[in-house]
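Counting in our numbering, the sequence shown runs from 1049 upward without gaps.
Since the hints were made in silico from the structure, they are not lab data. Careful, some of the hints might be misleading.
Listed below are the simulated EDC-like cross-link pairs for lysine to aspartate or glutamate, each with C-alpha atoms no more than 16 Å apart in a straight line [as the list claims (entries may be wrong)]:
no., residue 1, residue 2
1, K1125, E1143
2, K1366, E1330
3, K1366, E1346
4, K1403, D1370
5, K1097, E1143
6, K1366, E1397
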Amino acid sequence: MKKIFILILFLLLPYTVKGLELPVDVTATGVALYDVTNDQIIYQKNIDKKVELASLTKMYTEYVAILNNPNLNKRVKITSESYKGLEAFTKIGLEEGEVLTINELLYASNLYSGADAAQALAYGTSRRVSDFITLMNQTIEDMGLVNTHLATTYGGSNDDVSTPREIIMFVNEAVKNNTFKKVFGADYLRLSNGLEAINYTKAISNFYGYDYYLTGNKSGYTDDAGMLLASTATINGVDYILVVCNSKVMHIPNEKYHIKDSFDIYNYVKERNYERRIIISEGDYVDTINVEDATISEYIINSDSSYSLILNDEEYEKLNYDYHIIDTISSKTKKGTCLGHIDIYVGDELIYSHKIYLQDYIFSPTEELVIKSSIYVLLFAIILGLFLFNLKKKR
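Please model the entire structure based on the sequences and the hints provided.
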């Protein structure tokens, strides 16, 4: 029942809204910016195209470990299996025989992006890594993430995949967990073995002089996946989640295009005024159409619902409407019939199609006569009944 409920919950959320094409020039080939406060995808670029997750996979590992370890102080003994076969991946440097808590391993996985820490989380939660990966995939299936699949705990496979839209969906759900949110938003933790887990995204952002206002992040990189960054931020009182995927790779120290791409997008939003704009209101006049074989010759169409979007001032000024409404209806046209739609654009980009339905009954002259006759008969019957009742009462 819980699985079905969560799936329905995700399907009901407005993640299905595509969002405007990203107006910022970035190197990333996949982008999604989600306004958490107003529940709307604002901008996107290839939002439903599958991407390799690389180390973003560790977010899923951390979340599943949190869900399945009520005691975060549970101690995990490090074995050689925790770092076996990870020579090509980032490791924080765990050594065989060390004992760390689940909590420490969460920070080592997220901040340092240690593949050895992610593997240790798996061993500390399940007997085998394969069992833990099964648990991870069951969790994302329960969340309704149909385009996400995980093959490792640390992002070491080309089969660790998702889409920008589903990464947004995952992060939005995961940060509702206080432990995950705390780990995701941390800057530093010194582990009990003396190793340091540092938020290098913040350090590099400061190096480049960015005004750092991220409230959480996880980065990722492989040659095939490019550079990735999933982040949260609060701008002008509005909470956002941003995912950039497959940003340009530069093999130069400190050249981090996933960070530059992210701040270019955030700064674009920061410099503009975004508000909820009424795109169409209930009762708005739409059109007047002809009516055949009916008691009326024309029918005035009004919108039967409202729709609004978060847009900045420039986008709002570019709104334009294209009407596609049928010319004629008749008494045979049933109430609730779709009469057409209004395509609403920002510039040349379609943002919404608003369907219009017949809200009233349309009667033919014969039907109207029958209805009127029925009313007259009913009234006569009521009056006659009252008369007879009073007559009987007087007797």
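For each hint, the structure was consulted:
1. K1125 to E1143: 10 Å, holds
2. K1366 to E1330: 21 Å, violated
3. K1366 to E1346: Violated, at about 32 Å.
4. K1403 to D1370: 12 Å, holds
5. K1097 to E1143: Distance ~39 Å between K1097 and E1143 Cα, so the pair is violated.
6. K1366 to E1397: With Cα atoms ~10 Å apart, K1366 and E1397 stay inside 16 Å; holds.
The structure fails to meet hints 2, 3 and 5 from the earlier list, while all remaining hints are met.
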